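Asker: So you can see what is in the structure, the chains are spelled out below.
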Amino acid sequence: MNYETVIGLEIHAQALTQSKMFCACSIKFGSEPNSNICPVCTGQPGSLPVANKKAIELGIKAALALNCKIEPSSIFARKNYFYPDLPKGYQISQYDKPLATGGWVDIDVDGVTKRIGITRLHLEEDAGKLVHVGADRIMGAEESLVDYNRGGTPLMEIVSEPDIRSAREAAVYTETLANLLRYIEVCDAKMEEGSLRCDANVSLRPVGQKEFGTKTEVKNMNSFKAIEKALLSEEKRHEEVLEEGGKITQETRFYSEETNTTSGMRSKEEAHDYRYFPEPDLPPIEPDDKWIEEIRQSLGELPQKRRQRLIDQFGLNTESASILVYDKPLANFFEDTTKLYDKGAVVANWLTGEVTAYLKEKKKTIEELDLKPPQLAELLKLIDEGTLSGKLAKGVLVKVIETGKQVKDIVAESGAQISDQGELNKIIAEVIANNTKVVADYKGGKETALTFLVGQVMKLSKGRANPALANQLLKEALT
Amino acid sequence: MINKSAHELHSLLSSKRVSSLELTEAVFARIDQVEDKVKAYITLTKEEALRQARAADARLKAGNNITPLTGLPVAVKDNMCTQGVLTTCGSKILNNYLPPYDATIVAGLKSAGAVIIGKANMDEFAMGSSTENSALYPTRNPWDLTTVPGGSSGGSAAAVAADEAVLALGSDTGGSIRQPAAFCGVVGMKPTYGRVSRFGLVAFASSLDQIGPLTKDVTDSAILLGAIAGHDEKDATSVDLPVPDYRKALIDDVKKVKIGLISNLLGDGIAPEVKLAVKAAAEALAKLGAEIVEVELPSFEYAVSTYYLLAPAEASSNLARFDGVKYGHRSGGTKDLLNMYYNTRREGFGPEVKRRIMIGTYALSAGYYDAYYLKALKVRTLIKQDFEKALGKCDVLISPTAPTVAFKVGEKTADPLAMYLSDIATIPVNLAGLPALSLPCGFSGGLPIGLQIIGRAFAEETILRVAFTYEQNTKWHTQKAKL
Ligand SMILES: [Zn+2]
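Residue numbers (the UniProt record's numbering), protein chains in the order written: chain R, 1 to 479; chain Z, 1 to 483.
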């Protein structure tokens, strides 16, 4: 039988605030255990939560970027369960009245645009972190330690409609969302640091059937690639079970990257009745229209619009435009450079090629570099003028980045391209004298020998020879 | 001197006729004399109190930064966090808990220069009406040691009645300030919900809890309320309204004040002598120029059942944090998480607390939520509307504070429902979030009777005015318990 896969995703995105959701503690990553804590986020008796206005603002901002409706009144609720990483015995979350509902996001899957519905976006606090000694979970551990630094970190939970139809779409959706949240500066969306987490609900149904099949929830996918692999594996498992006439059990399953399989928890552990009820310590969130409008204004041009504009305005291809817009500082760098040097496609090539490769290798962002738009523009102009070859320019670029020196100083130090005929002819004469056999081959009709000789000219000139001119002069010298 | 009111003592301190150290030592001498019988306190902080008294004397001597509380000995209910000082909530589960911070109102008392005498006994987690649910020991009523002081702020009320403190703070979720005030013959006020910060008050039922004063007279109530009221940015439910000078409301005049006598709180279940005292109080107020009308609040019939769904529901969640992981009692010897939870909570909580956690958990459970919790919320709205209607016509409402005078120790411990009914007149006020005050209005068999005055939201001034006028024209408050 042919099956259709149905996937809905729950993304937990950490809001880019300074402090926690309900107290003033810092949310700095990597601090000493239990150093960013206070009576509120350790659940001391008598302590009370106060909602972080910045987190609400970022939640609204994300919701607007996802085309959601901001609810006029949303409320916090208590999700009650016992666990040592949950100091109050309940998590403050939003339940039946979330911050925002009913949005969508467009994703591009291998050249096809698809719209994925967003059911809701709500705010909640994260739990602390447990460290187990003697086992990898609390059951069977000799001892377990808890670090409440992460406890109370503000999270935005973004729930998609079950509109996703393949593992690939799920990965693209998550990456699109991550890029969008990063672009609008509400979340740094680092899956490996846990600032973006993804759980997936997966089910299969025979093609043509309307009702959904029984779903499983897949957790522990820590990269976009892992999402795709995990969901492919889970999809395959469902299909095998169904093909054999079996039934899928509704459960939570953990993905292991090592084995590339998912495995279920004992259902007893997850038989929860969370007994949600409205959090009496917090008033409803009732953002006024003026505030929402201000936040909407602060969004500016969203990445998908900007990408289209870059394509239309600068003639970029979709791929480089995409790379640029999902790194907002890089896109800004691009546009700033084009104000000084108008060949947009050339600027984009350099930024998405050399510069991006360098950033990836050094794990840096464009903002951390000493390279600024005027320098890149200057460099590109020197290529056009013939002062630098492309290859030389790449070397200069790296030196600019690494030394912070000005382009003209580096060119002065290492020398510009040699385009002087007299100077080039001297070098050519030396190359001819040193390579009599190759010269003879060329004269005997072996055209490729010329490439070798040009190479020798470049080598002798330490790469500074104007290659086109060298080629031409060499040919002339050999006739 | 220790039997004097706070405002009288304030004049003595300001004019240097008495020092705070002398006063504080006198209070501790009184405690030495009667505490064995009354058992009003769980923890006494004598050394720190004497240090605070000396600091207050320095302030009084310098003559600057003197507040109406400077140098005055105050008892604090043991559910308000005091940094580094044992805060048990009357429970075994917190028998070793030293809070890392001060409740906002405790910090406020300290900066006002008050002297904190100790932490007053209470029903465990404020669940009870007799202080017999304290895990440590019951407090006795100073008027008759065989009777209860009421609860849950029984320690605070008894401390004031027995002159073991000049002022006290209690908390009121369903009558826990007013009912013990009535039983102990003192003045107790529950302010409007949101008037006083709850930050640092260990939560019982968050949407109902409110801290308030227990004092020897109405003037002291106005003074202490003024000191603790106000917005706190650490409590999102506290209201950002200016705090009036409540002493200005102490006007001996009720002419043209319209007072509603709640007729359905003068029916079955109310002791005859209590009914008589309240009716007499209404007549006295009428003679002083007030207009008395009878009002009926029919939804009151459902108030106790509503309360016993909502308060336990919130409590079941509020008390989840007492799990042995972070602080307080942890059962020894267990090797796994679930048993640590089970044993810690089994050993740490008393029977009434367990009962309410179970009721509350049940009311919030899937399949029962709509029928119990949600329905109770709807009835709560009806009760609010009843009050709004009555207080649309009247400036204040009056009723008995409690259906009876103080009952015997042990009389109701076997019958939780009978115990719950002793809050029948106070519970509706918490459900509506309104302010109310209890003051003495008579005696029966040598035990005080309380008159409850209920006002509109944030209209504590009107209540104080009516209470002050009544007090100035009666002599009940001048009678003292003889120990
Ligand atoms: Zn904190």
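Bear in mind the hints are in silico, worked out from the structure with no lab data behind them.
Any given hint might turn out to be false.
With beta-carbon atoms standing in for the labels, derived distance ranges [as the list claims (entries may be wrong)]:
{"no.": "1", "chain 1": "Z", "residue 1": "Leu338", "chain 2": "R", "residue 2": "Lys363", "range": "37 to 45 Å"}
{"no.": "2", "chain 1": "Z", "residue 1": "Thr478", "chain 2": "R", "residue 2": "Pro283", "range": "55 to 63 Å"}
{"no.": "3", "chain 1": "R", "residue 1": "Asn34", "chain 2": "Z", "residue 2": "Lys275", "range": "40 to 48 Å"}
{"no.": "4", "chain 1": "Z", "residue 1": "Lys4", "chain 2": "R", "residue 2": "Pro72", "range": "27 to 35 Å"}
{"no.": "5", "chain 1": "R", "residue 1": "Pro283", "chain 2": "Z", "residue 2": "Asn64", "range": "33 to 41 Å"}
{"no.": "6", "chain 1": "Z", "residue 1": "Ser365", "chain 2": "R", "residue 2": "Gly208", "range": "37 to 45 Å"}
{"no.": "7", "chain 1": "R", "residue 1": "Pro72", "chain 2": "Z", "residue 2": "Gly367", "range": "49 to 57 Å"}
{"no.": "8", "chain 1": "R", "residue 1": "Pro72", "chain 2": "Z", "residue 2": "Asp370", "range": "18 to 26 Å"}
{"no.": "9", "chain 1": "R", "residue 1": "Ile248", "chain 2": "Z", "residue 2": "Asp370", "range": "26 to 34 Å"}
List of simulated lysine to aspartate or glutamate pairs, EDC-like, C-alpha gap at most 20 Å [unchecked claim]:
{"no.": "10", "chain 1": "Z", "residue 1": "Lys378", "chain 2": "R", "residue 2": "Asp96"}
{"no.": "11", "chain 1": "Z", "residue 1": "Lys326", "chain 2": "R", "residue 2": "Asp85"}
{"no.": "12", "chain 1": "Z", "residue 1": "Lys275", "chain 2": "Z", "residue 2": "Glu294"}
{"no.": "13", "chain 1": "R", "residue 1": "Lys129", "chain 2": "Z", "residue 2": "Asp336"}
{"no.": "14", "chain 1": "Z", "residue 1": "Lys335", "chain 2": "R", "residue 2": "Glu142"}
{"no.": "15", "chain 1": "R", "residue 1": "Lys53", "chain 2": "Z", "residue 2": "Asp336"}
For clarity, every value in this text was computed on a predicted model and none was experimentally measured.
The beta-carbon is built from N, C-alpha and C at its ideal position, and this holds for glycine as well.
Asker: Please go over all the hints and tell whether each is borne out by the structure.
Answerer: Hint-by-hint comparison with the structure:
For Z/Leu338 and R/Lys363, the Cβ-Cβ distance of about 44 Å falls inside the hinted range of 37 to 45 Å, so the restraint holds. Between Z/Thr478 and R/Pro283 the beta carbons are some 44 Å apart, a value that contradicts the proposed interval 55 to 63 Å. Between R/Asn34 and Z/Lys275 the Cβ separation comes to about 58 Å, which falls outside the hinted range of 40 to 48 Å. Our hint of 27 to 35 Å for Z/Lys4 and R/Pro72 is violated, since their Cβ atoms are close to 55 Å apart.
Distance hint for R/Pro283 and Z/Asn64: a CB-CB separation of about 38 Å, consistent with the stated range 33 to 41 Å. In this structure the hint that Z/Ser365 and R/Gly208 lie 37 to 45 Å apart at CB holds, the actual value being about 40 Å. Remark: the range hint 49 to 57 Å for R/Pro72 to Z/Gly367 is contradicted by a beta-carbon distance near 30 Å. A beta carbon spacing of about 24 Å between R/Pro72 and Z/Asp370 agrees with the range 18 to 26 Å that was offered as a hint.
The hinted window of 26 to 34 Å between R/Ile248 and Z/Asp370 holds, with their beta carbons roughly 30 Å apart. Restraint check: the Cα-Cα separation between Z/Lys378 and R/Asp96 comes to about 17 Å, which is no more than 20 Å; the hinted pair holds. About 10 Å separates the Cα atoms of Z/Lys326 and R/Asp85, which keeps this hinted pair within 20 Å; it holds. Proposed proximity of Z/Lys275 and Z/Glu294 is supported: the alpha carbons are some 14 Å apart, at most 20 Å.
With a CA separation close to 18 Å, the supplied pair R/Lys129 and Z/Asp336 stays within the 20 Å bound. Pair hint Z/Lys335 plus R/Glu142 holds up; C-alpha atoms about 8 Å apart against a cutoff of 20 Å. With a C-alpha separation of about 40 Å, the suggested pair R/Lys53 and Z/Asp336 falls outside the 20 Å cut-off, and the hint is violated.
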